[in-house]
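Trainee: Listed here are the chains, written in short residue letters.
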Amino acid sequence: MNICVASGKGGTGKTTVATSLALALQSEQHDVTFLDCDVEEPNGHIFINPDIREIENVFIEVPEIDHTTCTFCGKCADLCAFNALLVAGDSVITFPELCHGCGGCRYFCPAGAVRLTPKKIGTVETGAAGQLRFVRGRLEVGTALSPPLIEAAKKKIMPRGITVIDAPPGTSCPVIASVRGSDFCLLVTEPTLLGLHDLDLAVQMARHLGVPCGVVVNRAQEGWGIIHDYCRRQDLPVLLEIPLSKKIARAYARGVPLVRADKTWHDAFRQLYRAIGEMVAGEGTYCHQR
Amino acid sequence: MRIAVSAAGPGPEAPAEERFGRCACFVIFDEQGNVEEVVDNAGKTAPEGAGVLSAQSLLRRKVSVVLTGRVGPKAMRALQAGGVAVYTGIAGTVAETLAKYKSGRMQPATPSAGSPGAGRRAGRRDG
Amino acid sequence: MKELTVISGKGGTGKTSIAASFAVLAGNHVLADCDVDAANLHLLLAPEIESRQNFWGMPRAEIVTEKCTDCGLCRELCRFGAIKGGQVDMLACEGCLVCYHACPAGAIRQVENLAGVWYISRTRYGPFVHARLGIAQDNSGKLVAEVRRQARKLAEKEGKSLIITDGPPGIGCPVISALGGTDLALVVVEPTLSSLHDLGRVLQLTEHFGVKTVVCINKWDLDRKISRQVENACRDAGVPVIGRIGYDPAVTVAAREGKPVIRVPSTVAEDIVSLWACVQKELGI
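Chains as they are written, first to last, in this note's numbering: chain A, 1 to 290; chain B, 1 to 127; chain C, 1 to 285.
The hints are simulated quantities; they were obtained by calculation from the structure and are not laboratory data.
Where is the CB? At the ideal position from N, CA and C, for every residue including glycine.
It cannot be assumed that every hint is accurate.
[Said to hold, decoys possible] When the alpha-carbon atoms are kept at most 35 Å apart in a straight line, the in silico DSBU-like pairs for lysine-lysine are as follows:
#1 C/Lys225 <-> A/Lys263
#2 C/Lys212 <-> B/Lys44
#3 A/Lys155 <-> A/Lys119
#4 C/Lys157 <-> C/Lys212
#5 C/Lys84 <-> A/Lys119
#6 B/Lys44 <-> A/Lys120
[Unchecked claim] These stretches of chain A come out as covered by chain C in the derived footprint (C-beta under 8 Å, 3 or more residues):
#7 104 to 111
#8 134 to 145
#9 205 to 217
Construct the entire structure; sequences and hints are all you get.
Mentor: This is the structure:
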């Protein structure tokens, strides 16, 4: 079972929920992988402290021009949807930072002058903390292409067992790449107008992908029921509440997972998993595909 | 020698445009200052790599001098590879910019003058 | 004209609250929300929308079933695995159009892709450019560039001397797009190990693009030890820490009610005022 933890807004407690869920399940003898898909700013390792045992570079293929065979016809430049090549007199200039790796330039070059060479976009790192498997993608700083790296990280998902995926914030391509194919999407939010607004976007995103979803309210406060009201209207279950507490904020600050800062949370997260399991078994009745 | 000026409109009286990759069009003059051609800037609406596309279109038109405000690093690299001289510091209109160039008061742009702001996904200058 | 871009690396550190507070304090400016993926600044500014424009993304490919001979070439060529069961999966299609150019039967056409909307609005704190990226869209970097372009245009037209930009989180395509050519990046950090970790990556990015960068620590007294680590990391990177804002639950109250934090009574108002003074100095305004 793959559970993706996402949130429209950043900083709502996605990583807190994802790491604690993974740790709580692992302590219950489940076969668990924590997969950090927030490749721009992966933070899960701060809480999980894994031993990284394997680092794999991830590449896309970008063009390299053989100037001895090139006829400078300009076909590659005309066809490139990303304007990553250009013909200037008797040279072809490539802009690897614009390239999406579609390979069109090589396929269409009438002179066979385009060769594809790998360009590193990041790494996928695997390791473990005790029995918990740990995988993360790390985007190379200055690179604009997160989705292919996320796809590469997701290849490490084991067919059996439980994978908890920590998704990046937002609702655009990197999030889609993370959530797509998950059995369940857990949306973490906070009871503020900002949190509500972005939760709504995230719910639309999950529904767009046809992934059933449920909500975790972080920094919950007495008398602030805006998220609950919304969830009622949307027929979405609130599966867990974590109160606003300076103590929890401090533990987070120091990289202590919630389930370690306060052991009583173990049960809450196991309960959360069971609720998710029931929803997935019930074919995600709460969240219909449009 | 053909001289292209980044412009907000199609003619010498139009305001000159600061942005190379995103200007409305280029007014191309011959050495005597006659308008030879006005070309729509293909880069104007390009989702990505606007400057590269604009540069490609000017290179195809055998332009040897470009007068503009800001050029991104990628377009700059492309123009230089094609042997095009780039000058910055436009005046009010296209015609005034040309006059300013003729009187030698425009700045030759060096690769480092290509400000990353003018390019959108500004990359390192070495591309 | 100057541009200030507020970024954070990690989300939720208080970027938007601080940008909104600057909007209250500054005069003669245009506001821009470049967090197009989860735009929030409008929630704090109560904008009146003046105009809206469609934002078109990269055209996508679509298979015209009647013409398709099922040769499979498109599926073979697509590097993004977007051709499935004789259809293009729009969520996977990158818009490279290799299939469109390659199809021997001419059975693939380009379809326009409405990727989002951008707005020009009035707020009591100045004109405001903001946007909304469609759900499941890519190209957020392009929309960020569009918002910045419109903000610059608006500032020129209305004679404004400053653009205050609320930037996106992360270090990927939208942030890269938000940073290019800005005059000053203000990184909002909180004293957590996560934020400290992300700060390192953000500072690498701003250095990579040669953007002048300063840091402010939000909720600095939440964990003084980590605050010191943040300061040390900044010193090592040669980036000045120009402000510290205290931890005050009133900030959450402001976010809850949708107000710029400086508009509610709190102990942090003074911190934000002095931060703003330092930012002005760094910008030379």
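Trainee: Could you run down the list of hints and mark each one as holding or not?
Mentor: Results of checking the hints against the structure:
1. C/Lys225 <-> A/Lys263: holds, 25 Å
2. C/Lys212 <-> B/Lys44: Satisfied, since the Cα-Cα distance of roughly 28 Å is no more than 35 Å.
3. A/Lys155 <-> A/Lys119: holds, 19 Å
4. C/Lys157 <-> C/Lys212: It holds: about 26 Å lies between the C-alpha atoms, which stays within 35 Å.
5. C/Lys84 <-> A/Lys119: holds, 27 Å
6. B/Lys44 <-> A/Lys120: Holds. B/Lys44 to A/Lys120 sits at ~30 Å (cutoff 35 Å).
7. 104 to 111: holds (count 3)
8. 134 to 145: As far as the segment 134 to 145 of chain A goes, the hint holds, because 6 residues have Cβ atoms under 8 Å from chain C.
9. 205 to 217: It holds: at least three residues are needed, and the segment 205 to 217 of chain A offers 3 whose Cβ sits within less than 8 Å of chain C.
The structure is consistent with each of the numbered hints, conforming to all of them.
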